[in-house]
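Put chains B and C with the ligands on the given structure of chain A with help from the hints.
Protein chains in written order, with this note's numbering: chain A, 1 to 140; chain B, 1 to 136; chain C, 1 to 281.
These are computed hints drawn from the structure, not numbers from a lab.
Glycine included, C-beta positions come from ideal geometry on N, C-alpha and C.
Here are the simulated lysine-lysine pairs, DSSO-like style, with alpha carbons at most 30 Å apart:
hint, chain 1, residue 1, chain 2, residue 2
1, C, K90, C, K50
2, B, K136, C, K76
3, C, K90, C, K55
4, C, K145, B, K31
5, C, K55, C, K135
6, B, K136, C, K135
7, C, K135, C, K70
8, C, K80, C, K135
9, B, K126, C, K76
10, B, K136, C, K215
11, C, K70, C, K55
12, B, K31, C, K135
13, B, K129, C, K80
14, C, K80, B, K136
15, C, K135, C, K62
16, B, K129, C, K76
17, C, K70, B, K136
18, C, K70, B, K129
19, C, K46, C, K90
20, C, K215, B, K31
21, C, K70, B, K31
22, B, K136, C, K145
23, C, K135, C, K90
24, C, K90, C, K80
Here are a few chain B residues that face chain A, going by a calculated C-beta distance under 7 Å:
hint, residue
25, E16
26, V20
27, L37
28, V38
29, T41
30, K42
31, V44
32, T45
33, S48
34, E49
35, D96
36, L106
37, G107
38, G110
39, R113
40, L114
Listed below, chain by chain, are the residues.
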Amino acid sequence: MSVERIPILKMGEFLLVSIQTELDDRLAVNLQKELTARVAETGARGVLLDISGLDIVDSFLGRMISTIAEMTRIMDAETVVVGMKPAIAITLVEMGLTLPGVVTALNVEKGMELLRARTRASGEGDGIHSLSTYHTAGHQ
Amino acid sequence: MESTVSQHTILPATSESDLVTARHLARGYSKEIGLGLVDETKLVTAVSELTRNAIVHGGGGSVCFEQVERDGRQGVRVTFEDHGPGIPDVTVAMLDGGSSTKSLGLGLPGSRRLVDEFELHSEVGKGTKVMIVKWK
Amino acid sequence: MSNPKPAMVRRSGEETAERYRMLIEQSDDLAIYLLSPSGHIETWNKAAEKLKQYKAQEVIGKHLSIFYTKEDQERKLVEKELEEAAQTGKFEGSGWRVRKDGSRYWADVIISALRDDDGKLIGFAKVSRDASERKRQEEIIEQQKQDLIELSTPVMQLWEGILVLPIIGTLDSQRSQVVMERLLEAIVSTGSEVAILDVSGVPTVDTMVAQHLMKTMEAAKLMGAECIISGIRPEIAQTMVHLGIDLSTVKTRSTLARGLEEALRTRQLAIVKSSRGEGAK
Ligand SMILES: Nc1ncnc2c1ncn2[C@@H]1O[C@H](COP(=O)(O)OP(=O)(O)OP(=O)(O)O)[C@@H](O)[C@H]1O
Ligand SMILES: [Mg+2]
Numbered sequence: 001m002s003v004e005r006i007p008i009l010k011m012g013e014f015l016l017v018s019i020q021t022e023l024d025d026r027l028a029v030n031l032q033k034e035l036t037a038r039v040a041e042t043g044a045r046g047v048l049l050d051i052s053g054l055d056i057v058d059s060f061l062g063r064m065i066s067t068i069a070e071m072t073r074i075m076d077a078e079t080v081v082v083g084m085k086p087a088i089a090i091t092l093v094e095m096g097l098t099l100p101g102v103v104t105a106l107n108v109e110k111g112m113e114l115l116r117a118r119t120r121a122s123g124e125g126d127g128i129h130s131l132s133t134y135h136t137a138g139h140q
Numbered sequence: 001m002e003s004t005v006s007q008h009t010i011l012p013a014t015s016e017s018d019l020v021t022a023r024h025l026a027r028g029y030s031k032e033i034g035l036g037l038v039d040e041t042k043l044v045t046a047v048s049e050l051t052r053n054a055i056v057h058g059g060g061g062s063v064c065f066e067q068v069e070r071d072g073r074q075g076v077r078v079t080f081e082d083h084g085p086g087i088p089d090v091t092v093a094m095l096d097g098g099s100s101t102k103s104l105g106l107g108l109p110g111s112r113r114l115v116d117e118f119e120l121h122s123e124v125g126k127g128t129k130v131m132i133v134k135w136k
Numbered sequence: 001m002s003n004p005k006p007a008m009v010r011r012s013g014e015e016t017a018e019r020y021r022m023l024i025e026q027s028d029d030l031a032i033y034l035l036s037p038s039g040h041i042e043t044w045n046k047a048a049e050k051l052k053q054y055k056a057q058e059v060i061g062k063h064l065s066i067f068y069t070k071e072d073q074e075r076k077l078v079e080k081e082l083e084e085a086a087q088t089g090k091f092e093g094s095g096w097r098v099r100k101d102g103s104r105y106w107a108d109v110i111i112s113a114l115r116d117d118d119g120k121l122i123g124f125a126k127v128s129r130d131a132s133e134r135k136r137q138e139e140i141i142e143q144q145k146q147d148l149i150e151l152s153t154p155v156m157q158l159w160e161g162i163l164v165l166p167i168i169g170t171l172d173s174q175r176s177q178v179v180m181e182r183l184l185e186a187i188v189s190t191g192s193e194v195a196i197l198d199v200s201g202v203p204t205v206d207t208m209v210a211q212h213l214m215k216t217m218e219a220a221k222l223m224g225a226e227c228i229i230s231g232i233r234p235e236i237a238q239t240m241v242h243l244g245i246d247l248s249t250v251k252t253r254s255t256l257a258r259g260l261e262e263a264l265r266t267r268q269l270a271i272v273k274s275s276r277g278e279g280a281k
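Chain A with its partners taken away, still in its complex shape (with noise of 0.2 Å):
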């Protein structure tokens, strides 16, 4: 199989990931890896990881996304999500995989602005869409 890698840019105090190719789930693991270990290295203090390139999203990338956001925040690093496509969107809510507590942007820029206003005025999460509902599987 390939040895394509995601790349993970540094944008001041941001990193930001964009997933442009389709995700298999070694590369998916990988990411995982590499980007735990570079949010360690830089000290960034987000993550903007940018999925407007993805087609599908199964269980398997749902809660890897879910791990990549509670990995990051453990690290004090926001992690949102942005450009997920509304096909992709209404599936997850069909399956009942709703990626609780990742918070989430409608593109690079908007997700931007949420991390400079979360990380400025780390208290209240003023217009930040957090997916407050606390879904564990098994709960509808």
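Below, chains B and C with the ligands without anything else, positioned relative to chain A:
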């Protein structure tokens, strides 16, 4: 319950690259019958879940794609078959969170919600067969 | 005709039988023919010849399955249809059939079981008609219905970043689906973070529709946008509560005006550069 098959493709499901191929095939078949983007995405996602189950839990198997027609309606039928350990308690496995691993356990119940027809047959020690259909 | 007359006809009075036979032979719209209990063709009329392109001598004695598609043959569809007719007295259905030249047409079919006075099955009468045109019409109507749904569901951008979707009329699950997709598409194309779904023009909300609304909001959240539902009338509020739908995570407002107020407020708080902070208080 009667439907007509007009074309089909059988794919092995043993490795991760098969998973990618299965998704592509699901997309191709969806386009063939003119499914809308949302339904196409639902089908591709269900195929991804069930192919992964056949690989991970079933120890590998096969995936069969068929373009079908019933009462003038076009559809895509996908059958996943493996000769793995089978599912001891299908009712539990079909529940949200009914995973045998620490996983979410959304694959089976989730994909059932994404398609129009869903049939699961499993026998312990013999294997598992799942059949799904998405109608136009 | 040299072929034996079917038992049923033979049993009736000679005169009636003759009238019957003529009626069947003359019909030029309905293909009518008789089958033996095993499904072999015993009689043939003009309409059948016109429809299926076979002449009487080519089909009499042949099995009904020759008109079915190969796949239907493999699945023993004929046998299943005949069995249903034998058991319940009648089979009614539609499906693709094949002409002699291999072309297909959509057929409406009725198969009736024929029994003698003792109740013994003596054969079947089959009436079939070319319904290809009707099928095409149905498809067109379905398409038009779809177009109409889309036309009757406008998505408007009321303000930068704020969409309004007034829903007027009954929401069935098909329309809810369209509403959901259009709204989410519009969120992306306009980059709107807030969408107001105004349901004041919706007479009733059933379980399916309420669930669709909830799913729409959840999907919007996954995409990074927020939905506000406005114009929820008391009956609808009751339905939603009765359905056990958790409204605690949902922003609802009584009127569209209030919904808009809320949307603006959300936007001003979200956009930190607000220079008119005074007005918001
Ligand atoms: N093909 C199969 N062969 C054997 N067992 C299976 C098979 N498919 C599913 N199972 C069993 O059913 C359970 C539920 O499957 P499901 O796909 O819903 O969840 P999962 O695969 O554990 O997690 P997820 O799909 O959410 O990542 C699995 O944990 C496994 O025990
Ligand atoms: Mg699974």
